[in-house]
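Protein chains: 2
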Amino acid sequence: MGDINERPPEPNIMAPGHSDVDVLIIGAGPAGLMAATWMARCGIKTRIVDKRGTKIFSGQADGLQCRTLEIFDSFGFADRVWKESNHMLEICLWNPDTAGRIKRSDRIPDTIPNISRFQQVVLHQGRIERFFLDSLKKYSDIEVERGVLPESLKFDESKSDDPDAYPIEVALRHLTHKEASPEQSNATNGAAGSDGLFRSNMSADDTQELLNTAATNGKAGLREIVRAKYMIGCDGAHSWTRKQLGYKLEGEQTDYIWGVLDIIPITDFPDIRMRCAIHSASCGSVMVIPRENKLVRLYIQMTTTENGGGKLDRRTITPQMILESAQRTMAPYKLTYKYCDWWTAYQIGQRVGSDFSKNERIFLAGDAVHTHSPKAGQGMNVSMQDTFNLGWKIAAVVNGTASRSILKTYQSERRRIAQDLIAFDHKFSRLFSGRPAKDVMDEAGISMEEFKDAFVKGNLFASGVAVDYGASVIVAKEGDAQEQGDGSDVGIETGKGVVSKQALATNVKVGMRMPSFQVLNQADARPWQFQQMLKSDGRWRIVVFAGDVSDAKQMERVANLGKALDGPGSFIRRFTPAGKKIDSLFDILTIHCAKRTETELHNFPDIFHPFDEREGWDYWKVFVDDESYHEGFGNAYKQYGVGKKEGCTMVLRPDQYVAWIGDMEDVSSMDRYFSAFMVAKA
Amino acid sequence: MGDINERPPEPNIMAPGHSDVDVLIIGAGPAGLMAATWMARCGIKTRIVDKRGTKIFSGQADGLQCRTLEIFDSFGFADRVWKESNHMLEICLWNPDTAGRIKRSDRIPDTIPNISRFQQVVLHQGRIERFFLDSLKKYSDIEVERGVLPESLKFDESKSDDPDAYPIEVALRHLTHKEASPEQSNATNGAAGSDGLFRSNMSADDTQELLNTAATNGKAGLREIVRAKYMIGCDGAHSWTRKQLGYKLEGEQTDYIWGVLDIIPITDFPDIRMRCAIHSASCGSVMVIPRENKLVRLYIQMTTTENGGGKLDRRTITPQMILESAQRTMAPYKLTYKYCDWWTAYQIGQRVGSDFSKNERIFLAGDAVHTHSPKAGQGMNVSMQDTFNLGWKIAAVVNGTASRSILKTYQSERRRIAQDLIAFDHKFSRLFSGRPAKDVMDEAGISMEEFKDAFVKGNLFASGVAVDYGASVIVAKEGDAQEQGDGSDVGIETGKGVVSKQALATNVKVGMRMPSFQVLNQADARPWQFQQMLKSDGRWRIVVFAGDVSDAKQMERVANLGKALDGPGSFIRRFTPAGKKIDSLFDILTIHCAKRTETELHNFPDIFHPFDEREGWDYWKVFVDDESYHEGFGNAYKQYGVGKKEGCTMVLRPDQYVAWIGDMEDVSSMDRYFSAFMVAKA
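Respectively, the protein sequence lines represent chains H and F. Per our numbering, the very first residue in the first sequence carries number 1; after that it's consecutive. Per our numbering, the very first residue in the second sequence carries number 1; after that it's consecutive.
Bear in mind the hints are in silico, worked out from the structure with no lab data behind them. Fair warning: there could be bad hints in the mix.
Identical chains share a label here; the pair holds if one copy fits it or two copies do between them.
Stated by the list, open to error - SDA-like, lysine to any residue: derived pairs with alpha carbons at most 20 Å apart:
1) 294 x 612
2) 138 x 79
3) 452 x 93
4) 294 x 238
5) 154 x 95
6) 294 x 618
7) 338 x 644
8) 338 x 556
9) 138 x 81
10) 509 x 460
11) 457 x 140
12) 509 x 461
13) 83 x 529
14) 294 x 587
15) 138 x 127
16) 137 x 80
17) 581 x 81
18) 219 x 448
19) 638 x 344
20) 294 x 609
Note that the coordinates shown come from a computational prediction; the quantities given were computed from them, not determined experimentally.
Let the sequences and hints guide you as you build the complete structure.
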């Protein structure tokens, strides 16, 4: 489908006046919805528009990394994904045996054990979008405006540095229903038994959505001007926003063509409900991705230019051709289907955007700045994680709690990830598309040992938990900031930043997300994964590993820390907006490791469990690393690598990334960390 | 509030004709909704009416046993309860020390470890009703009709035994809005800071509910006649249905008066987020039940006739009086509040209905047949479990798969439970309301040792998992059926029923619910709690503990079992309705204990993973007791007490209760079990 905005604009009616918003989001796919979700939680005035008239139905990316589930959980809806999705536990590698017949050669756990409390799952993108929409509705009045097309962009660069300015002006056109319905490719394209090419797998809770669409259509034909402080282009690989900025995607096109079938398979292949990588001796490769609702997705290699065959035209491919290709690869096992949910064929390169932002006012995210093959299940994840990284930063600046300096870290952090992703995908695609080597002398073939190695290593990358952000004004770690990022300037000179004491928490890495282990609430003995306390609500967390507080000396250190944090000149008092609760910007969470039953909540400093006139003491901030009644022992101190005697303190960013680590006495270092980018209240 | 039906009926319009339903449910509280939920899952034509115009808002019973959560999970919504509820982990006992000052004397786990995969939680009844309503909507077109009052009942006893007859005729009146709104007791009754006596704690998803109420009101004033095959009276302690039948509640009234406050407490009492039983030396008792949304419920003893004080009139009690009573008990700790969600005072006896059914056509359930104190958190649970027991039985008879003989087991099973509950509550209330003994010589006082003992024992009873149904046509166990039930006849002579081999599964007790342990799906390696496979969909389960199938001899036994079950004369073929799938009435679930990676699904008999023309093989019926990648090892064979070499087979009722246990060769015994009550298809 061509870009809809390439049509000549029709002579429509211009809506009078203009409206001002803090943030304008172009595109309501997963990346756009993630951005909007942050804005909803942080109370930012936001509009989000999408040129499509309806949500996604069938097909589309659907692998979810364990890190993505952690993020969903921080917004409160990972449980819905966990319940509806198919869980992938094991990867089976199938390779030709000496007789050239495919055989199961290896089993690998799909998610590396112990890296996350979640495992990789598969669920249709439409359901993910539904969960975002429900969340938006619950926490804000932000509604996706569908069938709305951006037509022109004006940007006043001179106003970039004025935090209160609206340097962005976008003309929006409200499409008619006909304009907003994308052309659907020919559903009867030779499909053997295909009966659901664009069948919806959405459930009944979409009714409201459809009603909204209808209501929106009341504006059909209208044009309006929107002024915005910030804008985020999440408008896909053919990004209109990117084109307006004149930015390029850099990289290469590939010649590999892959077919995709979403079917309910009828087969005697024993591992059809496992994730499989099947390399046949000379009939190409198939990847099996078991999905929800009995579906299985098959990625099927159609041809490569390498093997000397004539180049295949992607547009001539039919589901029957794809199926036959799969049947050849998977022989002697039989494969057929009665129900096909969706199919496609694609040919894709690995490309990265040259720039991720314009003056830290207009940002690009998701497919607008990186494209790659879908087989590693990374696309939707990395795209959502782009705006998960960006959203809270914009919100903090708009809300006046942080200076604009933090916005530079979006490109340094996320463009680096995109570069790593593309390198990973390039290697992985090549190994997966190649013909297996017959023996060690077969240099044109792909070594299956090398493939397995890549798969195992790729698994960690693909989990999303290996992300390690470089030094910057908001990541207090050692090393060269530009080298650790994408090369762009992030406003700190090497060796001049605040430094962390990484050795105090050997398994909590500055720059990486806070791992999760079980702790118990001191007040009610309930076990929690600690990450469940790290909600995405825009707050910074001070985590106090209070150590063994049954030791009077240690409790004195804790008391002194409480005094310092509670003092009139503390950064908490300086930066927390006047009239707001003491924990509205900095949320102090304590984990001690004395015996729960020999410790009382009220012995901890007040600021660790603040008092509220209406609600009394706060019972949900002090935790203990102790045995639970029903869920075993989390062993959190050991797992985090924190000493039980001395403990330590940490700062976590609003997105759960570890920003700083220090001793209980290092309040002044913590203060310097925050003072570098926070805005003191009048 | 008096019974609304005691008002003289107004001269309203009679709706023309009458409508026939299979099941008419009177009352849409938890018991009625549970009954309706079964009907929804089993496709039974049902109406459910309630005289109240709206759902419950604040207050009301809200403790949920772990067994109740298991049941909710079988319907698919335990996760919503688990997420929103407050989890109770520990019970703290507070008693006077030698100086008469209250002190924490003991800690007990609230739910006994390892009896269930859930723990006891607390959530407002209105939310529970919401989850039922959402579930009804998802699976059926059954809608609660509110503001609908039954006015007369005609029952033609002579038609009782005819399965196709409609012996019940009920006149319903659709109330006007004014009639349907219950009088709310005076909210400003001296409430110190009470600002929410009838505040809703329902979330926005009630909108549709309110719209429905409005729509229903279109019928306001209409009368209609409904004919029904079966009727279930879930209409509470003042049950209209019970009165029509002339049945009595038998038991005694008590003189204990208790006040209840639902508040956000402001207190320095350290265990305010624990469940506490506080006995003061001479100022009465308080029970603390921590709830969701920062609320705490306090049950506060107001007076007893025992202590010689003047008898208190329940109607004169104010929240301020209740609070002051609590303050006296909990001194020297301070207690006050700014926010009160709800309060009440009650005085209640322990009573059980004389009969639970009229000719097994009209049934009574819930508060209509048992009343007792709310402090043990049993009321809502036992009520829902009544109709959880009854619902599938009526559905099976209406659907023509079972004979009416199974309906007698409702009274024998549930009236016995009600009797046990009343005995438990009687003892518990007495111990809780009494004054603590000063020393062993103080015979008028309650021994705190005895109290703790009762608490610990009561805990198992209160979990709901100790329920053990007696021998009957649907429970193949030894012993005297009448002795094991409530004394009523359940249609089998002692020693004449089918017998189980209990020794084959020492921890799976015939008559009790199937316990749950982790197993892995053979086809995709995903870990599941086995109970998650036991959905409440009306199907019977044949559980095959296939043993170590890597042993060829054992696999031969399994193959023979498959052949017997699949044979043309097998009970599965005889009783499964013609034209229905082979697993539509009997769902065969297999658990083997060979190594997963050395076993292939396709080696098991076809009927263990049946083939479907559209969906291929079934990958969700064969499980293995093996180590998982991320969730440890369930050790299911050991936990169930089943031998790994020999295995065994079991029959589970549609409500998860164990019905029969035998060897793999005992298919004829299994056949006799089913033949005693199942209806062969023409």
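For each hint, the structure was consulted:
no. : hint      : in the structure
1   : 294 x 612 : between (51 Å within a copy, 12 Å between copies)
2   : 138 x 79  : both (16 Å within a copy, 19 Å between copies)
3   : 452 x 93  : within (8 Å within a copy, 58 Å between copies)
4   : 294 x 238 : neither (33 Å within a copy, 49 Å between copies)
5   : 154 x 95  : neither (55 Å within a copy, 73 Å between copies)
6   : 294 x 618 : between (46 Å within a copy, 9 Å between copies)
7   : 338 x 644 : neither (60 Å within a copy, 39 Å between copies)
8   : 338 x 556 : neither (71 Å within a copy, 34 Å between copies)
9   : 138 x 81  : both (17 Å within a copy, 18 Å between copies)
10  : 509 x 460 : within (16 Å within a copy, 45 Å between copies)
11  : 457 x 140 : neither (41 Å within a copy, 48 Å between copies)
12  : 509 x 461 : within (16 Å within a copy, 48 Å between copies)
13  : 83 x 529  : both (18 Å within a copy, 14 Å between copies)
14  : 294 x 587 : between (43 Å within a copy, 18 Å between copies)
15  : 138 x 127 : both (17 Å within a copy, 17 Å between copies)
16  : 137 x 80  : both (16 Å within a copy, 18 Å between copies)
17  : 581 x 81  : neither (33 Å within a copy, 30 Å between copies)
18  : 219 x 448 : neither (58 Å within a copy, 73 Å between copies)
19  : 638 x 344 : neither (48 Å within a copy, 48 Å between copies)
20  : 294 x 609 : between (48 Å within a copy, 14 Å between copies)
Checked against the numbered hints listed earlier, the structure breaks hints 4, 5, 7, 8, 11, 17, 18, 19; every other hint is satisfied.
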